[in-house]
Structures are given as C-alpha cells and as structure tokens.
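Enquirer: Sequence:
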Amino acid sequence: MNSKTLIGIALFIFAFVIPSGYMINYYLEKQYEIESKNSIIESFAKLSSSLQEGDKKTLNALKLLSKEIKLVASMNLITNYEDASNYDSNAFNEEKSRIIGFIQDSKELKRNDYVATYDATNTLVTLIKITKEPLTLFSAYKNSARIYYV
Numbered sequence: 166m167n168s169k170t171l172i173g174i175a176l177f178i179f180a181f182v183i184p185s186g187y188m189i190n191y192y193l194e195k196q197y198e199i200e201s202k203n204s205i206i207e208s209f210a211k212l213s214s215s216l217q218e219g220d221k222k223t224l225n226a227l228k229l230l231s232k233e234i235k236l237v238a239s240m241n242l243i244t245n246y247e248d249a250s251n252y253d254s255n256a257f258n259e260e261k262s263r264i265i266g267f268i269q270d271s272k273e274l275k276r277n278d279y280v281a282t283y284d285a286t287n288t289l290v291t292l293i294k295i296t297k298e299p300l301t302l303f304s305a306y307k308n309s310a311r312i313y314y315v
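Residues in the sequence shown are numbered consecutively from 166, following this note's numbering.
Everything labelled a hint here was simulated from the structure, so no lab data went into it.
Glycine included, each C-beta is placed from N, C-alpha and C at the ideal position.
Any given hint might turn out to be false.
[What the hints assert, rightly or not] Straight line, CA to CA, 20 Å or less: simulated DMTMM-like cross-link-like pairs of lysine to aspartate or glutamate:
id	residue 1	residue 2
1	Lys272	Glu298
2	Lys235	Glu200
3	Lys232	Glu200
4	Lys235	Glu247
5	Lys228	Asp284
6	Lys222	Glu259
7	Lys307	Asp270
[Said to hold, decoys possible] With beta-carbon atoms standing in for the labels, derived distance ranges:
id	residue 1	residue 2	range
8	Gln269	Ser309	27 to 35 Å
9	Ser208	Glu233	21 to 29 Å
10	Ile205	Tyr279	46 to 54 Å
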C-alpha cells in the first residue's frame, strides 16, 4: 500500500467514522436521558397516586371510627379523666384494652401495619401492630410514672 492510500483511509476515518460514532453516542445519550426522565416522572406519578389512594382510605377509616360511639367514649374518658398521680388501673386499663380490641376488629384498619391512638395532649394511649405477628401496647401509670403494658 502506498502512502496516499493510507492517508485516504486515515482521512476517511477522521472525516466520517469518528464523527458518526460521536453523533450516535450523543443521540443514544439524549434518548436514554429522555427515557430515564420519563420513567422517573411516571414512577413518581404512580407513587403519588398510590399515596393519595392510601390517604383517602385512611381518612375514610378514621371518619368511620370517629363515629363509633364506644371508641369515642373510651377516648374521651381517658383524655378527660386519666390522672397520672391518681391513676385507676382497673378503669383505664380496661378502656385501653377495649380500644385495642375495637381497632383489631376494625376491617377498615386492616391495611395498616401500625395504628396508634393519642389523647388530646398527644400522649400515646395505645399502639397496635397489625401484622402476621401482632403486638399491642398501652400506656398506664404507676406511682405517677408512665409505664407500658405489652
């Protein structure tokens, strides 16, 4: 091969192959970027929709529960009359057990992993783990100190 042929091949590579490779790479990068952004946007839209649906179900369950007179009565009794320094364990522990039982029996709350109830001062009253291995916990007082029964 003579030098003119080698120079011609080299010019061909520099003039067509390298720019073509660069353009293909650029196009593929842009296409991947667009597809990635669209995929992320779609995923966030699905997540948002799922969370909104979950929020609606939870709010509906809370609305139904707020209309349950026995549950509301138990929460009002605890909120209005529970006193750490003069705690009546027979009365209040029984009310908290009723709340736990009511929540465990509630079909509306079965989709949750945990359900917690709080009094008007945001003090934990009950905590229920609704899974294959359920766990219940409620707060009480002993010698004016908060304790938890599991």
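Enquirer: With reference to the structure, classify each hint as holding or not holding.
Expert: The hints, checked one at a time:
The straight-line distance between the Cα atoms of Lys272 and Glu298 is roughly 17 Å, inside the 20 Å bound, and the hint therefore holds. This hinted pair does not check out: Lys235 and Glu200 have alpha carbons roughly 54 Å apart, beyond 20 Å. Between Lys232 and Glu200, the direct Cα distance comes to roughly 48 Å. Violation of the 20 Å bound is thereby established for this hinted pair. Pair hint Lys235 plus Glu247 holds up; C-alpha atoms about 17 Å apart against a cutoff of 20 Å.
The suggested pairing of Lys228 with Asp284 holds, with an alpha-carbon distance near 17 Å, which does not exceed 20 Å. For a cut-off of 20 Å, the pair hint linking Lys222 to Glu259 is broken: about 29 Å separates their Cα positions. Proposed proximity of Lys307 and Asp270 is contradicted: the alpha carbons are some 29 Å apart, above 20 Å. Taken as a hint, the range 27 to 35 Å holds for the pair Gln269 and Ser309, whose Cβ atoms sit roughly 30 Å apart.
In this structure the supplied range 21 to 29 Å is violated for Ser208 paired with Glu233, their Cβ-Cβ distance being about 38 Å. Between Ile205 and Tyr279 the beta carbon distance is about 30 Å. The supplied range of 46 to 54 Å is therefore violated.
In terms of the numbered hints stated before, the structure departs from hints 2, 3, 6, 7, 9 and 10, listed from lowest to highest.
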